[in-house]
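Undergrad: All chains should be built: construct the whole structure from the sequences, respecting the hints.
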Amino acid sequence: MGNALGIAQFGGTSLIAKPWKGLGSGVLEIVESHDGNAYRAVYTVRFEKAVYVLHAFQKKSPSGVRTAQRDVDLVAERLKTAERDYEEHYGKPKC
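Numbering (the numbering used here), first residue to last: 140 to 234.
FYI, nobody ran anything at the bench for these hints, they're computed from the structure.
Beta carbons are placed, not taken as given, at the ideal position from N, Cα and C, and that holds for glycine.
Among the hints, a few may not be true.
Think about it this way: if two alpha-carbon atoms lie no more than 27 Å apart in a straight line, the pair counts; the simulated DSS-like pairs of lysine-lysine are [as the list claims (entries may be wrong)]:
{"no.": "1", "residue 1": "K188", "residue 2": "K219"}
{"no.": "2", "residue 1": "K231", "residue 2": "K188"}
{"no.": "3", "residue 1": "K198", "residue 2": "K160"}
{"no.": "4", "residue 1": "K199", "residue 2": "K188"}
{"no.": "5", "residue 1": "K199", "residue 2": "K231"}
{"no.": "6", "residue 1": "K199", "residue 2": "K219"}
{"no.": "7", "residue 1": "K219", "residue 2": "K198"}
{"no.": "8", "residue 1": "K199", "residue 2": "K157"}
{"no.": "9", "residue 1": "K157", "residue 2": "K188"}
{"no.": "10", "residue 1": "K198", "residue 2": "K231"}
{"no.": "11", "residue 1": "K157", "residue 2": "K198"}
{"no.": "12", "residue 1": "K160", "residue 2": "K219"}
{"no.": "13", "residue 1": "K219", "residue 2": "K157"}
{"no.": "14", "residue 1": "K231", "residue 2": "K160"}
Here are the in silico distance ranges between beta carbons for each label pair [unchecked claim]:
{"no.": "15", "residue 1": "K199", "residue 2": "P158", "range": "14 to 24 Å"}
{"no.": "16", "residue 1": "G230", "residue 2": "G175", "range": "16 to 26 Å"}
{"no.": "17", "residue 1": "I155", "residue 2": "E187", "range": "36 to 46 Å"}
{"no.": "18", "residue 1": "Y229", "residue 2": "P158", "range": "20 to 30 Å"}
{"no.": "19", "residue 1": "A207", "residue 2": "P232", "range": "22 to 32 Å"}
{"no.": "20", "residue 1": "Y229", "residue 2": "S164", "range": "17 to 27 Å"}
{"no.": "21", "residue 1": "D224", "residue 2": "G175", "range": "28 to 38 Å"}
{"no.": "22", "residue 1": "V204", "residue 2": "P232", "range": "27 to 37 Å"}
{"no.": "23", "residue 1": "Y178", "residue 2": "K231", "range": "28 to 38 Å"}
{"no.": "24", "residue 1": "S172", "residue 2": "I146", "range": "31 to 41 Å"}
{"no.": "25", "residue 1": "E226", "residue 2": "S172", "range": "35 to 45 Å"}
{"no.": "26", "residue 1": "K231", "residue 2": "G175", "range": "36 to 46 Å"}
TA: Next comes the structure, spelled out in structure tokens:
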């Protein structure tokens, strides 16, 4: 995951990154497996001067394949927080 985030910091997209559904372009997820467990990191590259990691978690969905709603809601909430933080530190985003 660290390598994929490093690539994002320099403007690229790792081969293991894929779009996170529901929040539009510029929000991506990285999926990794270890010891039979699935781990995810969700980040945004919507901003010119910063990459924000919105959430990292072990996928333990009570509904099978779907990501738990609390994780989906947390990503959306943190994206709004990232937008406010970016504006405070760098001004309005150019997106």
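Undergrad: Would you mind marking each hint as holding or not holding in the structure?
TA: Results of checking the hints against the structure:
The suggested pairing of K188 with K219 holds, with an alpha-carbon distance near 17 Å, which does not exceed 27 Å. As the CA atoms of K231 and K188 are separated by approximately 11 Å, the hinted pair is consistent with the 27 Å bound. With a C-alpha separation of about 16 Å, the suggested pair K198 and K160 falls inside the 27 Å cut-off, and the hint holds. For the hint linking K199 to K188, the alpha-carbon distance of about 33 Å lies beyond 27 Å, and the restraint is violated.
This hinted pair does not check out: K199 and K231 have alpha carbons roughly 36 Å apart, beyond 27 Å. For the hint linking K199 to K219, the alpha-carbon distance of about 24 Å falls within 27 Å, and the restraint holds. Taking the CA atoms of K219 and K198, the gap is about 22 Å. The hint holds against a cut of 27 Å. Note on K199 and K157: the hinted pairing holds, with a Cα-Cα distance of about 19 Å set against a maximum of 27 Å.
For the hint linking K157 to K188, the alpha-carbon distance of about 21 Å falls within 27 Å, and the restraint holds. Distance hint between K198 and K231 is unfulfilled; the C-alpha atoms sit about 33 Å from each other, more than 27 Å. With a C-alpha separation of about 16 Å, the suggested pair K157 and K198 falls inside the 27 Å cut-off, and the hint holds. The straight-line distance between the Cα atoms of K160 and K219 is roughly 16 Å, inside the 27 Å bound, and the hint therefore holds.
Annotation: proposed proximity of K219 to K157 holds, straight-line Cα distance about 20 Å (limit 27 Å). Taking the CA atoms of K231 and K160, the gap is near 24 Å; set against the 27 Å cutoff, the hint holds. Checked against the hint of 14 to 24 Å, the pair K199 and P158 passes, with Cβ atoms roughly 22 Å apart. In this structure the hint that G230 and G175 lie 16 to 26 Å apart at CB is violated, the actual value being about 45 Å.
Judged by the Cβ atoms, the range 36 to 46 Å given for I155 and E187 is violated: they are separated by roughly 23 Å. The hinted range of 20 to 30 Å is satisfied by Y229 and P158, whose Cβ atoms lie roughly 24 Å apart. A hinted range of 22 to 32 Å for the beta carbons of A207 and P232 is consistent with their spacing of about 29 Å. At roughly 19 Å, the beta carbons of Y229 and S164 sit within the given window of 17 to 27 Å.
Range check, D224 to G175: about 36 Å between beta-carbon atoms, so the 28 to 38 Å window is met. Checked against the hint of 27 to 37 Å, the pair V204 and P232 passes, with Cβ atoms roughly 33 Å apart. Checked against the given bound of 28 to 38 Å, the beta carbons of Y178 and K231, roughly 34 Å apart, stay inside it. Range check, S172 to I146: about 19 Å between beta-carbon atoms, so the 31 to 41 Å window is missed.
For the pair E226 and S172, the beta carbons lie near 36 Å from each other, so the given range of 35 to 45 Å is met. Distance hint for K231 and G175: a CB-CB separation of about 45 Å, consistent with the stated range 36 to 46 Å.
The structure fails hints 4, 5, 10, 16, 17, 24 (numbered hints given earlier, in ascending order).
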